[in-house]
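Asker: Sequence:
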Amino acid sequence: MKMNSMSLVVMFVLVVASIEMEKEGPLRMAEGRHLCTEILYRDPDCDNFKCHRQCDQKHPPATEGGGKCDQGGICICTYYCSSSP
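According to mature numbering (1 follows the signal peptide of the UniProt record, and there is no 0), the residues represented by the sequence shown are -18 to -1, 1 to 67, in order.
Please keep in mind that the hints were generated in silico from the structure rather than gathered at the bench. Wrong hints could be hidden among the right ones.
[Claimed, not checked] Cβ pair distances, simulated, as ranges:
(1) R24 with C63: 18 to 28 Å
(2) L(-11) with K32: 51 to 61 Å
(3) C18 with Q53: 19 to 29 Å
(4) L(-11) with Q39: 52 to 62 Å
(5) D38 with L(-11): 46 to 56 Å
(6) P42 with L(-11): 45 to 55 Å
(7) I56 with H16: 17 to 27 Å
(8) C18 with G55: 17 to 27 Å
(9) L(-11) with L17: 36 to 46 Å
(10) L17 with Q39: 11 to 21 Å
(11) E46 with D25: 17 to 27 Å
Even for Gly, the Cβ is constructed at its ideal location relative to N, Cα and C.
Let's have the full structure, built from the sequences with the hints guiding it.
Answerer: See the structure below:
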(Lines of atoms letter the chains of each structure in order from A and count residues from 1; the text may use other names and numbers.)
(Lines give C-alpha, C1' and ligand atoms only; values in the text may rest on other atoms or scores of the structure.)
Protein backbone atom coordinates (compact mmCIF):
# COMPACT_ATOMS: atom_id res chain seq x y z
CA MET A 1 0.00 0.00 0.00
CA LYS A 2 2.85 2.37 0.86
CA MET A 3 4.42 1.81 -2.58
CA ASN A 4 1.18 2.70 -4.36
CA SER A 5 0.79 5.97 -2.45
CA MET A 6 4.44 6.83 -3.13
CA SER A 7 3.93 6.18 -6.85
CA LEU A 8 0.84 8.37 -6.81
CA VAL A 9 2.76 11.23 -5.17
CA VAL A 10 5.60 10.94 -7.70
CA MET A 11 3.14 10.93 -10.61
CA PHE A 12 1.36 13.99 -9.19
CA VAL A 13 4.64 15.90 -8.84
CA LEU A 14 5.63 15.02 -12.42
CA VAL A 15 2.28 16.18 -13.80
CA VAL A 16 2.45 19.49 -11.90
CA ALA A 17 6.06 20.05 -12.98
CA SER A 18 5.27 19.37 -16.63
CA ILE A 19 2.32 21.78 -16.54
CA GLU A 20 4.50 24.51 -15.03
CA MET A 21 7.25 23.92 -17.60
CA GLU A 22 4.69 24.27 -20.39
CA LYS A 23 3.51 27.60 -18.96
CA GLU A 24 6.97 29.09 -18.52
CA GLY A 25 9.09 27.17 -21.01
CA PRO A 26 10.64 28.26 -24.28
CA LEU A 27 7.69 26.93 -26.28
CA ARG A 28 5.50 29.67 -24.88
CA MET A 29 8.06 32.33 -25.80
CA ALA A 30 8.19 31.13 -29.40
CA GLU A 31 4.41 31.20 -29.89
CA GLY A 32 3.49 32.93 -33.11
CA ARG A 33 7.09 33.03 -34.32
CA HIS A 34 9.15 30.86 -36.59
CA LEU A 35 12.73 30.80 -37.79
CA CYS A 36 13.59 32.96 -40.78
CA THR A 37 16.87 33.00 -42.67
CA GLU A 38 18.40 35.72 -44.78
CA ILE A 39 21.59 35.88 -46.82
CA LEU A 40 23.44 39.03 -45.79
CA TYR A 41 26.43 38.81 -48.14
CA ARG A 42 28.70 36.52 -50.14
CA ASP A 43 32.44 36.69 -49.58
CA PRO A 44 35.03 33.91 -50.01
CA ASP A 45 36.72 35.25 -46.86
CA CYS A 46 33.49 35.36 -44.83
CA ASP A 47 34.19 36.12 -41.15
CA ASN A 48 31.84 34.59 -38.54
CA PHE A 49 32.32 37.46 -36.08
CA LYS A 50 31.51 40.09 -38.73
CA CYS A 51 28.57 38.03 -40.00
CA HIS A 52 27.12 37.61 -36.50
CA ARG A 53 27.55 41.33 -35.75
CA GLN A 54 25.80 42.35 -38.98
CA CYS A 55 22.95 39.97 -38.23
CA ASP A 56 22.54 41.52 -34.76
CA GLN A 57 22.53 45.01 -36.30
CA LYS A 58 19.88 44.12 -38.86
CA HIS A 59 17.76 42.02 -36.51
CA PRO A 60 17.96 43.18 -32.86
CA PRO A 61 19.02 40.67 -30.20
CA ALA A 62 15.39 40.50 -29.06
CA THR A 63 14.77 38.33 -32.13
CA GLU A 64 17.47 35.94 -30.87
CA GLY A 65 19.27 36.08 -34.19
CA GLY A 66 22.61 34.69 -35.14
CA GLY A 67 24.80 34.95 -38.19
CA LYS A 68 27.19 32.26 -39.45
CA CYS A 69 29.27 31.77 -42.56
CA ASP A 70 28.72 28.59 -44.49
CA GLN A 71 31.47 26.73 -46.33
CA GLY A 72 30.74 28.61 -49.56
CA GLY A 73 31.49 31.99 -47.96
CA ILE A 74 27.84 33.01 -47.58
CA CYS A 75 26.82 34.92 -44.44
CA ILE A 76 23.48 33.49 -43.34
CA CYS A 77 21.45 35.29 -40.68
CA THR A 78 18.92 33.19 -38.76
CA TYR A 79 16.40 34.90 -36.47
CA TYR A 80 12.92 34.53 -35.03
CA CYS A 81 10.23 36.37 -36.96
CA SER A 82 6.47 36.62 -36.77
CA SER A 83 4.45 33.93 -38.48
CA SER A 84 2.40 36.45 -40.45
CA PRO A 85 3.77 37.34 -43.91
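Asker: Does each hint fit the structure? Answer for all of them.
Answerer: Structure-based check of each hint:
1. R24 with C63: 18 to 28 Å: holds, 22 Å
2. L(-11) with K32: 51 to 61 Å: Once the Cβ atoms are compared, 57 Å apart, the range 51 to 61 Å for K32 and L(-11) holds.
3. C18 with Q53: 19 to 29 Å: holds, 21 Å
4. L(-11) with Q39: 52 to 62 Å: holds, 54 Å
5. D38 with L(-11): 46 to 56 Å: holds, 50 Å
6. P42 with L(-11): 45 to 55 Å: holds, 48 Å
7. I56 with H16: 17 to 27 Å: Holds, since I56 and H16 (Cβ atoms, about 21 Å apart) stay within the stated range.
8. C18 with G55: 17 to 27 Å: holds, 21 Å
9. L(-11) with L17: 36 to 46 Å: holds, 41 Å
10. L17 with Q39: 11 to 21 Å: Since L17 and Q39 have Cβ atoms about 19 Å apart, the given range 11 to 21 Å holds.
11. E46 with D25: 17 to 27 Å: The hinted range 17 to 27 Å holds for E46 and D25, with Cβ atoms some 24 Å apart.
Every hint, counting from the list given before, is met by this structure.
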